[in-house]
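K.L.:
Residue strings, one per chain:
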Amino acid sequence: MKTTNKIRVLIAKPGLDGHDKGAKVVALALRDAGMEVIYSGLHQTLDQIIETAVQETVDVIGLSIMSGAHLPICEKLVAMMKENGLDGVHLSVGGVIPYQDIPKLKKMGVGAVFPGGTSFKKIVTGMNQLFD
Amino acid sequence: MGVAKYIKNERGAVTEVTYQSGIKVKPVYGPQDLEQAGFDYNNDLGAPGEFPFTRSLHPESYRSRAWTTRQYTGFGTPEETNKRFKLMIANGQTGLNVAFDLPTQMGYDSDHPLAQGEVGRVGMAIDSLKDFETAFAGIPLDRIGSGLTINAVATIMMAMYQAAAEKFGFKKEQISTTPQNDILKEMIGRGAWIFPVEHGVRLVGDSIEYAVKELPRSNPVSICGYHIRESGATPAQEIAYGFSIAKAYIDDVKDRGIDPSDFVGRFSFNFNVYGNLWEQIAKFRAARKLWAKMLRQDYGVTDKKKLWLRGLFGGGGSGLTKEQPENNIMRGAYYALGAALSGAQTTALCSFDEAYTIPTPRSALLSLRTLEMLMDEVGLRDTVDPLAGSYFIETLTLQMEEKIVEEMKEVEKWGGMVKSISNGFVQRKVSRQAYEYEKGLQSGEYRKVGVIPEGERQESAESDGTEKSDVELHEYNEEWAKHSISSLKEVRRTRNDKAVKDSLKALERAAKGKDNIMPCLVRCCHAYATVGEMTGVFRDVFGEWTEPDFY
Amino acid sequence: MPNPDDIRNIEDIRSGNKLSGARLIQLIEKSDPRAFKLLKALYPDAGNAFIIGITGAPGVGKSTLIDGLIETFREMDFKVAVICVDPTSPYSGGAILGDRLRMQRHVTDKGVFIRSMASRGHKGGLSRTTKDCSIVLDAMGYDIIIIESVGAGQAEFDMIKLAHSIGVVSIPGAGDGIQAVKAGILETADIFIVNKSDRPDADAAAESLKMMVNMRSFPQTQLLPKVYKTNALDKTGIKAVATAFLSHLKFMRQNGELTRKKNELERVYFQSLLEDLVMEKVFESMAVSKEVEAAVKRIGSHEINPISAAEEIADKILGV
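Residue numbers (my numbering), protein chains in the order written: chain A, 1 to 132; chain B, 1001 to 1551; chain C, 2001 to 2320.
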């Protein structure tokens, strides 16, 4: 029986920050765009995020970071993804991200960056483009 | 967020107006609307300063005293915080408002792996009594009160504040502390929770009971509808859920045999001000009235002063936009106008560039001037509740009251606030609304000035000079973490291990049983047990909460 | 992507490597042709796990219950895998797979594997794909595999094709005893769990279920289903449920019921595979698609009725 290919996205909030309205709202938007969203909730350590990504063979890890710590977090996570056999998985980041940090993140290996205020349409397009 | 839904015809005339709370607004209001709404002067309005306080808590409101404004401060190390405190007091400030870093808020010590990158970032890092002693050194704690923006570990911070004061020679009866201490709103809209719902409420109950008996000058709870609104609740729900949360706390303490009259007078609230002007005003007037009515009817509170809805009406963060940030200056002014027309006792305003950066001195000053202007220049001090008697405002206030009661009834149907939050009913409702609203904003169904909906944006449009400037983040200072961790190591080295162990054991016993944990916490603090150790006891006994579904 | 011809991948999966196992599950979900090759190689390694089905209406607390079961089974030193199935939105084709949220505290436990799957349009949520995945987890060495799905009245029947022991979870309803427990479900349940038992009508709900159970007759080989009250949020009653499942397993082992069930499940799996493969091969064939296209045109112009058209093509395919 044929099953259609779906994009599986992990939406995770690393660290201690609890402002999750953005993460929840984007999760709903991605669902409405036909994606399968695994929502792993607040207060996730990077180990937990990696392990979830492994078990769920997600196509994209989507981080929501409001604390300003996106650079050190992404740098670490990219390294951990390589160590754990997840180098084929895309990484995207949303939240409080200065535009000037976008090239830095891309250089690290982040596939897509969605600073706060990015429309749902752009996020969905951006996610889909990761697979072009 | 917060804008009403406007439907226009081909000629651009507004044919339909629906407020976020669900109320439809007519083009014209007259005396017949008051009649239809069942308006009764004595029951619904009354004189300012008299039950049900719809017009104002005080007979002369701003005529006797202008509103108070609050400045939130947070700094990396206790030493720096102490300096800032002394500066503010020298400048005439009579109260401190303290921010804590995320590890402290979440009950972790500065050397915990999860604390990495967060020590001192959004507030002061507190690991033990030593840090409090440093932060509050030389502060006359019998004259200066402290607001502590802390929730999940509010009991620990309160105990530590008392212990620090006692170390400085003050008596607990003299000190005044106001922890935010509203764990239920954390679970709906701010995320800094630790323990399961019932245990979180038990801790709030313990702190209220303790305050009643031992800390007469302290205000144990500040219920925040603010964050619930920021998460997607409508103005009516903001009040409804806030009051339902208050009920959960009141009931917990009442069940211990304490008369609500003994503590409700010390509750305060934190409500939001963005959105439609009239909806906010009606909301606040209805809220004052409902709170007084609810306390009298449901809890038998009769003392006038204890029926007051005290609080801060302010903020407005969600209403501001990233696009054309200078528009936020005007928005802030309109939101503040709404707060003034509502008779807000205390207020604060988000700065216009809040989407980009922590307030600069310039933008903070603009906010302050906005607030001053209303009081001192354009006439908001002239008379109490100037909109009273307006056909529109009085009708709307009654309708808003109805809406709030409706929303509260839904919470009752779900089994009360504790069950509603445990099962995720409130969170789900609020997330869905946030999503629908955001979609509406992006599609153009709701309009905000300066924000162009996705479909109408022209790709090649030339910049009009109001381009988004970039977000400015504070540099994270690694020194703060190093400093806190070495301080922590020193404390661990020099304290009496047996005293710590015994005090933690006693805390565990109290937590497992029904005893009030506050005295044990004070003892732990005096022994220099760390925040992580004390929270660790609670984590072991209560467990950690897992969120329910939100979709 | 795992290479089916690479023995290492099969070895990895057998030794419980989560990345390799998860990748095979991914291939299965994508209907990748390589999936079957690997599945065939692993099939002999499967068949040892105890498969538990947990079903019930949305909101009854299945995930929280399973979180508790994982804890209990882990304390008993069992390795546990969980497959959580959530409904795909019929409008968008997307899904929010949030069940693992409630079990997330086990995520870094080496002896636990949690996989979220969307129903992808399969009525009742479960499908042959779920079975394929359970084979992988079985081969990886998990002692207990828990399959969670929403019981909408049909999943229970699918659960019968997948699980050795089925637990039906319900919550006390307002007034009418049990929510969403219909005649069909009663027959499939081996264990009844009334969750949120802190509610006042929990006892009434449990009694009501017991009565319904007692009204049926059971063959000797089947255990009389018991009703358990739990409060998944504070973990009350979970140990009893875990023990009940294990007792059921023991019972089935002793009287040969387990062997009978496993054979039946295998037969059902074979049947479903055969049906799927045949359908796939038939409709993939160009010749058949042409016939179907032509038939549709003729039906549209009323030259032939659908029944005759279908009969004609079926006969043609079978060479009759």
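Keep in mind the hints are simulated off the structure, nothing from the lab. Treat the hints with care, as some may be off.
Stated by the list, open to error - Taking CB as the label site, the calculated pair distances span:
no., chain 1, residue 1, chain 2, residue 2, range
1, A, 104, B, 1024, 46 to 56 Å
2, B, 1024, A, 45, 44 to 54 Å
3, B, 1095, C, 2198, 39 to 49 Å
Heads up, the beta-carbon is just placed ideally off N, CA and C, and yes, glycines get one too.
K.L.:
Evaluate each hint against the coordinates.
P.N.:
Verification of the supplied hints:
Between residue 104 (chain A) and residue 1024 (chain B) the beta carbon distance is about 50 Å. The supplied range of 46 to 56 Å therefore holds. Take residue 1024 (chain B) and residue 45 (chain A): their Cβ atoms lie about 48 Å apart, and the range 44 to 54 Å holds. A beta carbon spacing of about 42 Å between residue 1095 (chain B) and residue 2198 (chain C) agrees with the range 39 to 49 Å that was offered as a hint.
The structure agrees with every numbered hint stated previously.
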